[in-house]
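Residue numbers (this note's numbering), protein chains in the order written: chain A, 3 to 435; chain B, 405 to 601; chain C, 435 to 728.
Rather than coming from a laboratory, the hints here were simulated on the basis of the structure.
Each residue gets a CB set at the ideal place from its N, CA and C atoms; glycine is no exception.
Each hint should be verified, as a subset may be incorrect.
[Said to hold, decoys possible] Distance ranges between label pairs, derived from CB positions:
id	chain 1	residue 1	chain 2	residue 2	range
1	C	Asn617	A	Asn341	42 to 50 Å
2	C	Gly509	A	Ser93	49 to 57 Å
3	A	Lys96	C	Thr615	24 to 32 Å
4	A	Lys414	C	Asp658	46 to 54 Å
5	C	Glu502	A	Lys9	22 to 30 Å
6	B	Met565	A	Gln356	29 to 37 Å
7	C	Asn459	B	Arg553	52 to 60 Å
8	C	Glu721	B	Ala412	41 to 49 Å
9	B	Ser548	A	Glu359	45 to 53 Å
Given next are the chains, with one letter for each unit.
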Amino acid sequence: MKKLHIKQLIEKIEGEAELDFTFNEGKIEDVKINFGFYRGIEEILQGKDARDALVITPRVCGICNHAHLMTAVRAIENGYENAGQKIELTSKAKDIREFTLACELIQNHIKWLYMTLLPQIESYLDCKSEENYAIKASYLASTITKALAIFAGQWPHSSYAVPGGVTCDPTYVDVMQAQSLVDESIKFFEQVVTELPLDAYLNIDFCADLHNIGGDFGKLLHLIGSSGMTEIGKSHDRFIVFGECMLSKSGKSIGTKVSNVNSKYVKESPQKGTVAKAVTYRDRLYEVGPLARGMVAKRTIVKNLHKRYKDSLLTRVFARIDEVAILLAYAKNLLANLNLEEASCTLDLHTALQDFEGTGVVEAARGSLIHKTKVKDGLIVNYEIITPTQWNLSHGEKDEKGIAVEAMKGSKNIEEATFIFRTFDVCSVCTTQ
Amino acid sequence: MKIAEKKALKRESIIQTALQLFSVNGFHRTTIPDIATKLQMSVGNLYNYFSSKDILAQEIIKYTSEALGEKIRVVNGLDVSAEQKIHEIVDVYFTMAKEKPEMIEYFLRVYLSNREVFSDGCEGMVCVSGFITEIMVFFDDSVSSGELRNQDFFSAFGLFMGYLGGMVFLKGEDVLPQGIEFYIDDISRNIYNALKA
Amino acid sequence: MKPRLLWLQAITCNGNTHSFLNHPNLFSILSHFEIVHHPALDGSYSMEDVIKGEVPCDVLILEGSFIEEGFLKGGVEVSKLIQNYANKAKHIISAGTCATFGGIFKQKDPDKISGFCFDLEEKTSRYDMYASKLISLPGCPMHPKWMSYVLLMLANKKVIEIDNLHRPVELYGYTVHTGCTRNEYFEWKIDTKNYGLKEGCLFYEQGCQGPYTRGSCNKILWNDVSSKTRSGTPCFGCTEPTFPQASLYSTKTNMGIPAKMPLGIPRRAYLTLTGVTKSFKIKRFTERLMDYDK
Chain A
3 MKKLHIKQLI EKIEGEAELD FTFNEGKIED VKINFGFYRG IEEILQGKDA RDALVITPRV
63 CGICNHAHLM TAVRAIENGY ENAGQKIELT SKAKDIREFT LACELIQNHI KWLYMTLLPQ
123 IESYLDCKSE ENYAIKASYL ASTITKALAI FAGQWPHSSY AVPGGVTCDP TYVDVMQAQS
183 LVDESIKFFE QVVTELPLDA YLNIDFCADL HNIGGDFGKL LHLIGSSGMT EIGKSHDRFI
243 VFGECMLSKS GKSIGTKVSN VNSKYVKESP QKGTVAKAVT YRDRLYEVGP LARGMVAKRT
303 IVKNLHKRYK DSLLTRVFAR IDEVAILLAY AKNLLANLNL EEASCTLDLH TALQDFEGTG
363 VVEAARGSLI HKTKVKDGLI VNYEIITPTQ WNLSHGEKDE KGIAVEAMKG SKNIEEATFI
423 FRTFDVCSVC TTQ
Chain B
405 MKIAEKKALK RESIIQTALQ LFSVNGFHRT TIPDIATKLQ MSVGNLYNYF SSKDILAQEI
465 IKYTSEALGE KIRVVNGLDV SAEQKIHEIV DVYFTMAKEK PEMIEYFLRV YLSNREVFSD
525 GCEGMVCVSG FITEIMVFFD DSVSSGELRN QDFFSAFGLF MGYLGGMVFL KGEDVLPQGI
585 EFYIDDISRN IYNALKA
Chain C
435 MKPRLLWLQA ITCNGNTHSF LNHPNLFSIL SHFEIVHHPA LDGSYSMEDV IKGEVPCDVL
495 ILEGSFIEEG FLKGGVEVSK LIQNYANKAK HIISAGTCAT FGGIFKQKDP DKISGFCFDL
555 EEKTSRYDMY ASKLISLPGC PMHPKWMSYV LLMLANKKVI EIDNLHRPVE LYGYTVHTGC
615 TRNEYFEWKI DTKNYGLKEG CLFYEQGCQG PYTRGSCNKI LWNDVSSKTR SGTPCFGCTE
675 PTFPQASLYS TKTNMGIPAK MPLGIPRRAY LTLTGVTKSF KIKRFTERLM DYDK
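All chains should be modelled from the sequences, with the hints used to inform the complete structure.
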């Protein structure tokens, strides 16, 4: 049987992509993922003042701009330290940055649940409920980003993190307001997403307990379980995390074997037929994102799910929504322990190093985000951005397909493959920066 | 002539007369009655224009500042280089020092030397803003055009004004061998060389 | 029949989409329209239908910078798609600075990339054709309530008063400076001493463009709670045709004098006022706000 090529436009992935499926004997053998337009932010940054990256890089992406801001400021701070200028963030500045970043991840995952996964799975399984899922996403997103904006001024596109700390100077009026917004978000998670108290949810360790989850998350898990999708979407079972954060330490997990990583082995390379670049670690492909974090951190429930279902669609989907619970509890805790007595920014206003090179890494919603900046005479001479979606969508070579491609391989129809593709929470704009 | 115009002229003549008397007899030895007598007006009437000697002193500094500022404003409006403008400003200043010495002398010997007279009502640069503003405009234009080096405002201001004030002081002490106009070229060149980009 | 709304994207980061999704009354606003297609919300048609060029469109929302050729979606030039629907639409709203003036992405290829009807402040070749329908909502991103204002005005069939760049005057008549919590420090020319302090003005050294940037960020507030300047970040002038300029975190000065004056303020007036205010030491402004005489 000859190989069949079918092109499919995928929309609502923070932009669009064209998937070029190769069918061989009725099964998907390969998928080429093509993005149409390269915006060139890395080139736009050349020649600009080093700190302008804090304004420009968030404009890579409308949904994860805050992660770009945090990565950009860490790149500058790392550069300063490499050049001999010590950076000592107060715990207040660190906690505020962690808090606002957690808020962005939460709205990201929730939007994916309600605006991508649930509508798409219902469409695929032909069981469309008449629910307005988007209104739930909009409610939670606007609530949690309000808490973010109390400290960061606005969302999207804040630039409130600067070398040495943050620009805000909050009082308890701000903290109390943010606390009540986090509490509202937790209430939403408890009443609508899981129909479980947050503590009870976070105590779930075993697969058998998953059936206790109700709400929309429970509905999603049930739909996946009852339609035989627990075995599909498996990839190379190879995970990597570069950012150090509450969710996970940095490291890689090959299967369940966890070991260290060094970002110097990360390599970007151009790919034919698409403007997106491929990324490898020591020339191998790895998955990034919530599942990777769960595996590297050895989160009990993720480990147990993985034991039974490996890196299938079920494990991957679970790990992403699971992070919402962890992040909500984390956010609440950060606010409760915020020390307002400390300074917001410990670097003097006029400190602006002229020559430095630095790397910043952050765990963004979809996985590890890396920025590398090289500055001479105060101006950027080179800037590199490696986004999480680049990792998951790298096409791969003949002998080994990319992470998402491998997950789609073997699928018998485009609808199923497309759904698998969406479980990676693809971000088109990040891939085409 | 309208009443308002008459009053304005009278006001100005009080100021001119006061300046003259301060210059000849000294600030402290000159009294309001002295000024009134010189103008052939009653003391009471003079107090209608200026309610105290201190107030008069403050108004005079504003007046002289605006007079100088007006001339420098004209220079700022000229379509010439910064180097040329420096020459014009020095010219303006030294010409006034020559033709109306009582005005520049007042600034040096009364304003700068009797701070207690000016501390309540002429805080900081409030009363000399007419003049300072024009110097700021000159600096802004010249740095913006790339002719003068960008630097702290006061470093440049101190150099310019300190230099001019110092020369006028020397003139007042009768120490300068030549008339003050002789020094315009050299001083302008020195200032330009110090401030240029 | 409800007006049919189509949200098209060109060269964008999706910031305006996500900004609008944050509107607290999103669905009641959208209830006035039939959504033909939207980058994130459900619509009556798919992207493939849109690309075929046949879907209805009464209100066209454009997001992202414009390029004549070299950007294809489903094999069709985005520029053709946009112009096709711009011809059909009764109203065209350029959402964000990229769609309006060119914005950040213009800097990748300044000769080829621009806004739809404006290239920075100049009119493009398309201006004359679409000017009668055009409403500009520059901002990076635009504020969700600027969009809801326009949509509700359209739904209520009211005429929106616009300026020469087609920005609604009721939104852009203010400057970002209007309503900033640091106004007193601006009035008395008190610099902020460092980042992370609620005291002090960001205009003199930190590059704040609030005093000459058109927008209502400090009047309407972002996310209903705050703004850049209220949280200590300088305004970067993101609604203006010139966005982004260079060295956004520092104020360009000539011998300490700000190179750009607040909107409409003559330089001499500003300098005179500066001279006066700098002559006075107001004790309250040298202290921390919360450290007052209790």
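Structure versus earlier hints - violations, ascending order = Checked against the structure, the hints that fail are numbers 1, 9, while the rest are satisfied.
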